[in-house]
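Asker: So you can see what is in the structure, the chains are spelled out below.
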Amino acid sequence: MSRPTASWTPLSRTEMAARIARDIPEGWYVNLGIGVPTLVADHVPIEREVIFHAENGILGIGPAPDAAHVDPWLINAGKQYVTLRAGGSYIHHADSFGVIRGAHLDLCVLGAYEVAETGDIANWATSEHDTAPAVGGAMDLAVGARRLWVAMEHTTKEGRPRLVRACSYPLTAIGAVARVYTNLAVLDVTPGGFRVLDMVPGLTLDDLQELTEATLSPAS
Amino acid sequence: MSRPTASWTPLSRTEMAARIARDIPEGWYVNLGIGVPTLVADHVPIEREVIFHAENGILGIGPAPDAAHVDPWLINAGKQYVTLRAGGSYIHHADSFGVIRGAHLDLCVLGAYEVAETGDIANWATSEHDTAPAVGGAMDLAVGARRLWVAMEHTTKEGRPRLVRACSYPLTAIGAVARVYTNLAVLDVTPGGFRVLDMVPGLTLDDLQELTEATLSPAS
Amino acid sequence: MIDKFVASVVDALHGIEDGSTILLGGFGAVGQATHLIEGLIETGAKDLTVVANNAGYGRVGLARLLEAGRVRKLICSFPRIAGSTIFESLYRAGRLELELVPQGTLAERMRAAGAGVPAFFTPTGVGTRLAEGKETREVGGRIHVLEYALPGDVALVEAWQADRWGNLRYRAAGRNFNPVVAMAGRLTIVQTQHVAKLGELDPETVVTPGIFVDRVVHLPHGDPVL
Amino acid sequence: MIDKFVASVVDALHGIEDGSTILLGGFGAVGQATHLIEGLIETGAKDLTVVANNAGYGRVGLARLLEAGRVRKLICSFPRIAGSTIFESLYRAGRLELELVPQGTLAERMRAAGAGVPAFFTPTGVGTRLAEGKETREVGGRIHVLEYALPGDVALVEAWQADRWGNLRYRAAGRNFNPVVAMAGRLTIVQTQHVAKLGELDPETVVTPGIFVDRVVHLPHGDPVL
Numbered sequence: 001m002s003r004p005t006a007s008w009t010p011l012s013r014t015e016m017a018a019r020i021a022r023d024i025p026e027g028w029y030v031n032l033g034i035g036v037p038t039l040v041a042d043h044v045p046i047e048r049e050v051i052f053h054a055e056n057g058i059l060g061i062g063p064a065p066d067a068a069h070v071d072p073w074l075i076n077a078g079k080q081y082v083t084l085r086a087g088g089s090y091i092h093h094a095d096s097f098g099v100i101r102g103a104h105l106d107l108c109v110l111g112a113y114e115v116a117e118t119g120d121i122a123n124w125a126t127s128e129h130d131t132a133p134a135v136g137g138a139m140d141l142a143v144g145a146r147r148l149w150v151a152m153e154h155t156t157k158e159g160r161p162r163l164v165r166a167c168s169y170p171l172t173a174i175g176a177v178a179r180v181y182t183n184l185a186v187l188d189v190t191p192g193g194f195r196v197l198d199m200v201p202g203l204t205l206d207d208l209q210e211l212t213e214a215t216l217s218p219a220s
Numbered sequence: 001m002s003r004p005t006a007s008w009t010p011l012s013r014t015e016m017a018a019r020i021a022r023d024i025p026e027g028w029y030v031n032l033g034i035g036v037p038t039l040v041a042d043h044v045p046i047e048r049e050v051i052f053h054a055e056n057g058i059l060g061i062g063p064a065p066d067a068a069h070v071d072p073w074l075i076n077a078g079k080q081y082v083t084l085r086a087g088g089s090y091i092h093h094a095d096s097f098g099v100i101r102g103a104h105l106d107l108c109v110l111g112a113y114e115v116a117e118t119g120d121i122a123n124w125a126t127s128e129h130d131t132a133p134a135v136g137g138a139m140d141l142a143v144g145a146r147r148l149w150v151a152m153e154h155t156t157k158e159g160r161p162r163l164v165r166a167c168s169y170p171l172t173a174i175g176a177v178a179r180v181y182t183n184l185a186v187l188d189v190t191p192g193g194f195r196v197l198d199m200v201p202g203l204t205l206d207d208l209q210e211l212t213e214a215t216l217s218p219a220s
Numbered sequence: 001m002i003d004k005f006v007a008s009v010v011d012a013l014h015g016i017e018d019g020s021t022i023l024l025g026g027f028g029a030v031g032q033a034t035h036l037i038e039g040l041i042e043t044g045a046k047d048l049t050v051v052a053n054n055a056g057y058g059r060v061g062l063a064r065l066l067e068a069g070r071v072r073k074l075i076c077s078f079p080r081i082a083g084s085t086i087f088e089s090l091y092r093a094g095r096l097e098l099e100l101v102p103q104g105t106l107a108e109r110m111r112a113a114g115a116g117v118p119a120f121f122t123p124t125g126v127g128t129r130l131a132e133g134k135e136t137r138e139v140g141g142r143i144h145v146l147e148y149a150l151p152g153d154v155a156l157v158e159a160w161q162a163d164r165w166g167n168l169r170y171r172a173a174g175r176n177f178n179p180v181v182a183m184a185g186r187l188t189i190v191q192t193q194h195v196a197k198l199g200e201l202d203p204e205t206v207v208t209p210g211i212f213v214d215r216v217v218h219l220p221h222g223d224p225v226l
Numbered sequence: 001m002i003d004k005f006v007a008s009v010v011d012a013l014h015g016i017e018d019g020s021t022i023l024l025g026g027f028g029a030v031g032q033a034t035h036l037i038e039g040l041i042e043t044g045a046k047d048l049t050v051v052a053n054n055a056g057y058g059r060v061g062l063a064r065l066l067e068a069g070r071v072r073k074l075i076c077s078f079p080r081i082a083g084s085t086i087f088e089s090l091y092r093a094g095r096l097e098l099e100l101v102p103q104g105t106l107a108e109r110m111r112a113a114g115a116g117v118p119a120f121f122t123p124t125g126v127g128t129r130l131a132e133g134k135e136t137r138e139v140g141g142r143i144h145v146l147e148y149a150l151p152g153d154v155a156l157v158e159a160w161q162a163d164r165w166g167n168l169r170y171r172a173a174g175r176n177f178n179p180v181v182a183m184a185g186r187l188t189i190v191q192t193q194h195v196a197k198l199g200e201l202d203p204e205t206v207v208t209p210g211i212f213v214d215r216v217v218h219l220p221h222g223d224p225v226l
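Residue numbers (UniProt numbering), protein chains in the order written: chain A, 1 to 220; chain B, 1 to 220; chain C, 1 to 226; chain D, 1 to 226.
Source of the hints: derived by calculation from the structure; they are not laboratory data. Treat the hints loosely; a few may be bogus.
[What the hints assert, rightly or not] If the Cβ cut is set under 8 Å, some of the chain D residues that face chain A in the computed set are: (1) T21; (2) F27; (3) R80; (4) T122; (5) G127; (6) L130; (7) G133; (8) E135; (9) A173; (10) R175.
[As the list claims (entries may be wrong)] Chain C is nowhere near these chain B residues, computed Cβ spacing over 12 Å in every case: (11) P72; (12) L197; (13) T204.
No experiment lies behind these values; they were computed from the predicted model shown. Glycine is no exception: its CB is placed at the ideal position from the N, C-alpha and C atoms.
Just chain A, with the same shape it has in the complex (with noise of 0.2 Å):
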């Protein structure tokens, strides 16, 4: 990121997953994606009971094992060794997915490439001509959570925002993105494009428009 000179720290992926664990409430269930999501679990305390997902039929994913507990038949749809919690339970592919797809799931955070001002989301795919596609559950994801949260850098290490009038790269989903949490920010998806809800300290709403293709509006 060309950053200006400027008073402010952007996030770290370990800062942006507490942010993030921070709006997570007790009760909720909760499909992480691969990346930045996937340390959002980490900073949700065990106490405060959150019921993770994972798409290869999991429910209740607890934290992940040290090297001498591992059990090789349990890992998570990033194919990590994880635990099992105290009720959680297994199911098969189709019953995971219907969990997804059937609205089951209070919350869906991915990562992303481009989130656009409609709530478009592009991550799956970043130009026409990949060597070689994958999709995964992402899709399923995107159009099936109760919410879909994005958790990604605000801009590219080139300097070239992700928040967009629209998106460039092939679409995951059509007006799917709830929120999004950045290294800088966190933002809303509202009827009125995005919406800051929070800057990291001494970070200006201009400041954050430089590096914003779309237009953002401060939370009112």
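For this one, chain A is given, so just place chains B, C and D on it according to the hints.
Answerer: Same frame as chain A, now just chains B, C and D:
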């Protein structure tokens, strides 16, 4: 039935059930409708492993319990107490009709009011203005099972034929019946209509034709 | 701490509105949430659409609710069973609308609602009175009928065991429609015979995971009576 | 006596024809019937269409089958995983057709095949490249895509326990696609880690009833390796 002075005796309900049971080989998955079909199970020896299914989510129904061994949680689709044999299992209703609709049953045996020479079956409503219609799983079973056999009296009590050119009662399914077991004969439904496989001793094809609206052909 | 248990049938049924669609588990007398169904009478909710395989029998459960005049419409596969006299007299008197649905289509429409599938094709019913007026289409050389998802505002479930997350197990043929309506209800309410501690149910053997369940009430009411 | 057990992988795979569609259970390395998949090579069957969530990794299982040149087309949701080099090189070389399907649509298409539902509408994929050219329809105020059932000539399943009727249980996340492909295969073949006596599996806990299973081979092959 207006029986001609003849040297033949129609099968009893029990004999009809036994006749059908003879034709069910080991290893088949079978759903039995209400009435004579239900009696079929009693005539399949327990050592010939036939796996009986009930719409309410049971696979592997065993012999009826005596009064001292009734499990009030274990009824079949006819709401009669049943048992579960070793190897049996429970599934929910959507899966149970997945079993049916998805052509996983080798055989379903249903009762009927009428069967047409085209294989149409009418077995759920006796008039267009029934006092309170009820269909249950009949339509699903008729279209779903790999083979549909019908067990019924050859004529009504008044002597009206039940094997007809076209059903007069409301249809359950079109072109679904493979074979009919009556108290007088066994008939396959073929592209050329009903073909008689078997008759009770002493009955001639002419006798049978007289009791049948559709045209019969002999087994070649 | 998540705790979906509520103290009473009244608490369990809180907030059900007039005109709601209520999905009932159960097949015949087995696996019916009789106390919850009868509890609907006390809530005062009326003009209900009830979805159930049978229309009740005697003067218990659904039959009592029908008798109390709270049901406008019944969506049902086999309303006419031994003892379904209350249903039959209301139906004959034209005081109850009936939508008759093949049993497998009924189950699949609710499963579809639970799984986010708004409509599907099925071979069941093609060429019969129950498909009259419905869209048909040939797929794979065979005619099919288009059927729509059937969601409920409320689903009433009977379970054998439940824990505080709402994970459920059933008993024998008491399973039947219960896991299906649990998926399809926007508000899924369970009466359970037994309470399990969280973690007591083997995760491999949970039939309805708690994600489909909103409220549970413990009612050790004993065996079904045919 | 029904006994679906066969003595060997060769017996289990007997009769699979060129051009068959093969459905694979498994998600990543967990719950994949690796021995059956590799056994396909020895059968000589070619021109296969393989349906699987992933496209294999390293040189085992599906990756080996791909390398042996037996697969014409892959229907898959997430072919590109760590170690999927064989898939990637075949795909880049244009030697493998790929139909990319959202994971939930893939699961639902197979479940539909198993349940006798030839086609269904789903919101997944609307407005994306993966819905291009597909029929859409508004149902309930929302646009949906029409998707078709995906049956298999053969399904290859990995189970934790099986009995001679073919009743199956799985282990933890090894369940995944296995019960779904078991329903959708016209010939469903299972490799199981453990053999249970008939009646040993609690009827409440069977996940795939034997009605979906044709052949079982006992292969105590140990834990999956990521």
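Asker: Which numbered hints turn out to be false for this structure?
Answerer: Of the numbered hints, 1, 7, 8, 11 do not hold.
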